[in-house]
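Engineer: If you read the protein sequences in the order shown, they are chains A and B.
Letter 556 of the first sequence, counting from 1, is numbered 556 in our numbering, and no numbers are missing.
Letter 226 of the second sequence, counting from 1, is numbered 226 in our numbering, and no numbers are missing.
Honestly, the hints are just simulated from the structure, not real lab data.
Quick caveat, the model's predicted, so the values are computed rather than measured.
All C-beta atoms in this analysis are idealised placements derived from N, C-alpha and C, irrespective of residue type, glycine included.
Worth double-checking, as some hints may not be accurate.
What the hints assert, rightly or not - Label pairs and their in silico Cβ distance ranges: (1) B:K204 with A:A60: 44 to 52 Å; (2) B:E245 with A:I19: 21 to 29 Å; (3) A:I19 with B:Q286: 47 to 55 Å; (4) A:A60 with B:E245: 21 to 29 Å; (5) A:I19 with B:Q267: 18 to 26 Å; (6) B:R169 with A:A603: 47 to 55 Å.
Claimed, not checked - Over 10 Å on every C-beta distance to chain B, these chain A residues come out as not near it, computed from the model: (7) I19; (8) A397; (9) T421; (10) P430; (11) P558; (12) K580; (13) L595.
Said to hold, decoys possible - One-sided and incomplete, this derived list gives chain A residues near chain B with beta-carbon spacing under 7 Å: (14) A29; (15) P30; (16) D31; (17) V32; (18) P33; (19) F34; (20) T35; (21) A36; (22) V37; (23) L40; (24) V300.
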Amino acid sequence: MSFLYPLFLLGALAVAIPIVLHLLRRDVAPDVPFTAVRLLRKSPVDRSRRRRLRDLLLLAARVTALVLLAAAFARPYSPRADAAAAGLRIVAVDRSFSMAAPGRFAAALDLARSAIGEAGFAERIAVIAFDERAEVVALPGGAADARAAVSTLAPGHGATRYAAVIEKATELASGGPATLVVVSDLQRAGWDGEIRAQAPVSLTIDVRNAGMPTVNLAVADLRTDKAGVVVAVRNGSASARQGTVTLAHNGATVGRAPFNAEAESSVDVTVPWKVAASGSISATIEDPDGFPSDNTRHLVLTRAGTPTVMVVQSGEASGFFLLRALDAAGGSFEAKAVTGPEIAGGRAHEISTQAAVILLSTRNLDRAARDAIVGFVRTGGGLFIAAAPEVEPGVIAAMFGWDVAGFTVDPAPRQVSMATTDVRHPLFRPFGGLAANLGQINFHQTWRVRPDQWHVPAQFSDGSPAVLDRSEGAGRVVLFASDVDRRWNDFPLHPAFVPFAVEAVRYLSTRRDATQDILVSRVPTGLVPAPGVQTLPDGRPVAVNVDLRESSTAVLAPAEFAAAVERVAPLAEAPRDAIKAEQTEARQNLWQYGLMLMLVALAAESFAGRP
Amino acid sequence: MGAASAARDLRFLDPAILSRLGTMELKARTVVEGFLSGLHRSPYKGFSVEFAEYRQYLPGDDLSTLDWKVYARTDRYYVKKYEEETNLECHLLLDQSASMAYRGTAPMSKLEYGSVLAGSLAFLMHRQRDATGLIAFDEQIRFRLPAASRPGHLHALLLALERLQAGQRSDVARPLHQLAEALLKRSLVVLISDLLDDPEPVIKGLKHLRFRGTDVVVFQVLDPDELTFPFRGASKFKDLETAQEVVADPARARTAYLRELTGLTLQYDRELRGAGIDYVQLDTSQPLDFALLTYLSARSKRK
Numbered sequence: 001m002s003f004l005y006p007l008f009l010l011g012a013l014a015v016a017i018p019i020v021l022h023l024l025r026r027d028v029a030p031d032v033p034f035t036a037v038r039l040l041r042k043s044p045v046d047r048s049r050r051r052r053l054r055d056l057l058l059l060a061a062r063v064t065a066l067v068l069l070a071a072a073f074a075r076p077y078s079p080r081a082d083a084a085a086a087g088l089r090i091v092a093v094d095r096s097f098s099m100a101a102p103g104r105f106a107a108a109l110d111l112a113r114s115a116i117g118e119a120g121f122a123e124r125i126a127v128i129a130f131d132e133r134a135e136v137v138a139l140p141g142g143a144a145d146a147r148a149a150v151s152t153l154a155p156g157h158g159a160t161r162y163a164a165v166i167e168k169a170t171e172l173a174s175g176g177p178a179t180l181v182v183v184s185d186l187q188r189a190g191w192d193g194e195i196r197a198q199a200p201v202s203l204t205i206d207v208r209n210a211g212m213p214t215v216n217l218a219v220a221d222l223r224t225d226k227a228g229v230v231v232a233v234r235n236g237s238a239s240a241r242q243g244t245v246t247l248a249h250n251g252a253t254v255g256r257a258p259f260n261a262e263a264e265s266s267v268d269v270t271v272p273w274k275v276a277a278s279g280s281i282s283a284t285i286e287d288p289d290g291f292p293s294d295n296t297r298h299l300v301l302t303r304a305g306t307p308t309v310m311v312v313q314s315g316e317a318s319g320f321f322l323l324r325a326l327d328a329a330g331g332s333f334e335a336k337a338v339t340g341p342e343i344a345g346g347r348a349h350e351i352s353t354q355a356a357v358i359l360l361s362t363r364n365l366d367r368a369a370r371d372a373i374v375g376f377v378r379t380g381g382g383l384f385i386a387a388a389p390e391v392e393p394g395v396i397a398a399m400f401g402w403d404v405a406g407f408t409v410d411p412a413p414r415q416v417s418m419a420t421t422d423v424r425h426p427l428f429r430p431f432g433g434l435a436a437n438l439g440q441i442n443f444h445q446t447w448r449v450r451p452d453q454w455h456v457p458a459q460f461s462d463g464s465p466a467v468l469d470r471s472e473g474a475g476r477v478v479l480f481a482s483d484v485d486r487r488w489n490d491f492p493l494h495p496a497f498v499p500f501a502v503e504a505v506r507y508l509s510t511r512r513d514a515t516q517d518i519l520v521s522r523v524p525t526g527l528v529p530a531p532g533v534q535t536l537p538d539g540r541p542v543a544v545n546v547d548l549r550e551s552s553t554a555v556l557a558p559a560e561f562a563a564a565v566e567r568v569a570p571l572a573e574a575p576r577d578a579i580k581a582e583q584t585e586a587r588q589n590l591w592q593y594g595l596m597l598m599l600v601a602l603a604a605e606s607f608a609g610r611p
Numbered sequence: 001m002g003a004a005s006a007a008r009d010l011r012f013l014d015p016a017i018l019s020r021l022g023t024m025e026l027k028a029r030t031v032v033e034g035f036l037s038g039l040h041r042s043p044y045k046g047f048s049v050e051f052a053e054y055r056q057y058l059p060g061d062d063l064s065t066l067d068w069k070v071y072a073r074t075d076r077y078y079v080k081k082y083e084e085e086t087n088l089e090c091h092l093l094l095d096q097s098a099s100m101a102y103r104g105t106a107p108m109s110k111l112e113y114g115s116v117l118a119g120s121l122a123f124l125m126h127r128q129r130d131a132t133g134l135i136a137f138d139e140q141i142r143f144r145l146p147a148a149s150r151p152g153h154l155h156a157l158l159l160a161l162e163r164l165q166a167g168q169r170s171d172v173a174r175p176l177h178q179l180a181e182a183l184l185k186r187s188l189v190v191l192i193s194d195l196l197d198d199p200e201p202v203i204k205g206l207k208h209l210r211f212r213g214t215d216v217v218v219f220q221v222l223d224p225d226e227l228t229f230p231f232r233g234a235s236k237f238k239d240l241e242t243a244q245e246v247v248a249d250p251a252r253a254r255t256a257y258l259r260e261l262t263g264l265t266l267q268y269d270r271e272l273r274g275a276g277i278d279y280v281q282l283d284t285s286q287p288l289d290f291a292l293l294t295y296l297s298a299r300s301k302r303k
């Protein structure tokens, strides 16, 4: 027997109170002068013995009650009993949409049941269902509960993420010995984009293959074009596949187009249709052997059409390179250059209709225009500021109420380069490993910005911020601390300039309150985590689509799976033991029995104490 | 006499009333006169055989007292009046041991009650011109007043009773044997004690007296506490004479105690009655009339 909080046992010293009282009060019977003591003496000796016995019983009951109370507070548990039930088997069943391929999930359930059946005597079994999230559907317990939980499982619309299940299993095992049985179709995409999962060495991982996917067709993309709707079909099969894309608008079929996709490749199919101004469209293909969830993709049509970007320029700061870079985005944006005088005098209302504003000059920008830009940002718009010679730091700071002391211009030329500090920032994420090429750009003059309240995804080689990002009201401001017109650097001549400009504008033009396309795994509360067009709480339609990484047919070998998990030492012994003791105690709940016994002792004390 | 009048007279036999009275003589007189007034038609009247006078019959007189010879001679109804004998010698043995000083919830201690009883008996005997003596004892005889019937004797006896103090341990048998050896003529011995000693020697001493032809009346005087054991709560009972201590819970010890007391009483009753000795148990919270009636009964038997 061990105790979780043994210091509470000191409370048992309170038993001294009834014992001392018993000893002190043993002879406190008052003297009573009497005459017939001779008659009394003949029989009361036995009575006195009985009384002493009763006193002892009372004392025993009181002492027992106090000891039990102290023991209950000390939270007793039996480590031996826990040792008997030390084994934990965690059965994790993949319920991503790839498991909905014909016959695959049934096979997975069979594997899960057999894994449960392999559990040893007294081994506890937990069941986890996972896709992007790992959900414990049966807490550690008996096989019957685990089987019942397994029988309720069904494939969903999520994508496989192995890290989630590894993390959940580690949490369940709590550092103790455990076996994780992963029942999955072992898609390689389950590790994509994941930080390497860590698992303690005490967690044995047993991978069961429920049938690797070999064929699948998926609608990978859906976009509108002047000619109609362009549907990208991805063929993950080892052989070419043919079929028909069916386009529906608001549920009604509006067009069809055949496709012929080579093995392991994608093909764009244009379905001729005059794109409607509103509503939603969906493209569907037939794929009876693949994964059903990725056979349809949805898109919400907006009236806005191509987003426009306003570039505020002046004579010197023409924005020539930037405008060309945006033109190269393939029509994703419609850039429009304006000068300060053109939006002055109350003609700045056009700003509010822009997807983003690029500020290359503050010259001749009157108060109305400045206020319009600030209002645009604070209501959810995106602003890109390039630290050109024509941009006055004081004007920028005054516009937004920032501390002007946080912005200074290099007094003299210098030679620095740029490096990303946050490759996960949306602005640099598409660069991937190519972000290192940004170091080849030569900068000879910059702003020096104090990074208070700014996020700095890139900085110059001398440590000063190069790209800064911050929230302003409901919108966002990105500040590039150098010129984009090749006067302070050679960035516009660099191959990275075009993607940088496009991603910056794309990032800023994505209004956070205007999302129209989300993944199943990120649907907000209240929406069904299934593909389709759904309505947000604010009444806006949103297209919910599956994560296309799950459409991949690339698979892992079980050994590769195990190798992808980084083995770490279990938690330090003492904390692990403490956690284990707490869990053992919580399972046994012996303190409740202690309190019940204490009540019994008190009842016995009341009974024995009756006159 | 009406019931109300009888109740008023009996009131003076109540120990609570008597305890407030002054001298022993007053107490004894109150008891005896109150008692006698309640014996208006008592059959105990006139046990003496000594003729006193004739008196004309009045309606209500006992027909057994009519002198038919006088009626034959004079043709008138006369009843005979007797004067009680004066040749009876009575010894009052009063236990003055420490246990007799016990007073529980009753208005008088056993010694006071016994003293009033002894005084009352002496007063009654004196009225009947019997010679009355007093022996007070504990483990030995502490006071002795020889039997006599002269007028000043009663006063001396009552005075002695009034001055009695509780003594040491009791030894009832010892004065009984001493008295049995000392008595030269048949007498009446009245023992007043709580008889809480070992009963065997007491019974032996009383039988010794009886063997010598003495009439014996035994009054066992007990406090209500001794009769009912009404104590509550665990207590250490300390004997007034032996200083023995017994710790007991009265609630649990009561039944056994009362069983022992009943056994003791039954033993006295059985042994003494078998030896022709009157044995009466008295409760100090009760009036004294019962004791006096018992005495008169014993007195009448001696005729």
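Engineer: Which hints from the list above does the structure break, by number from lowest to highest?
Structural biologist: Structure breaks hints 5, 24.
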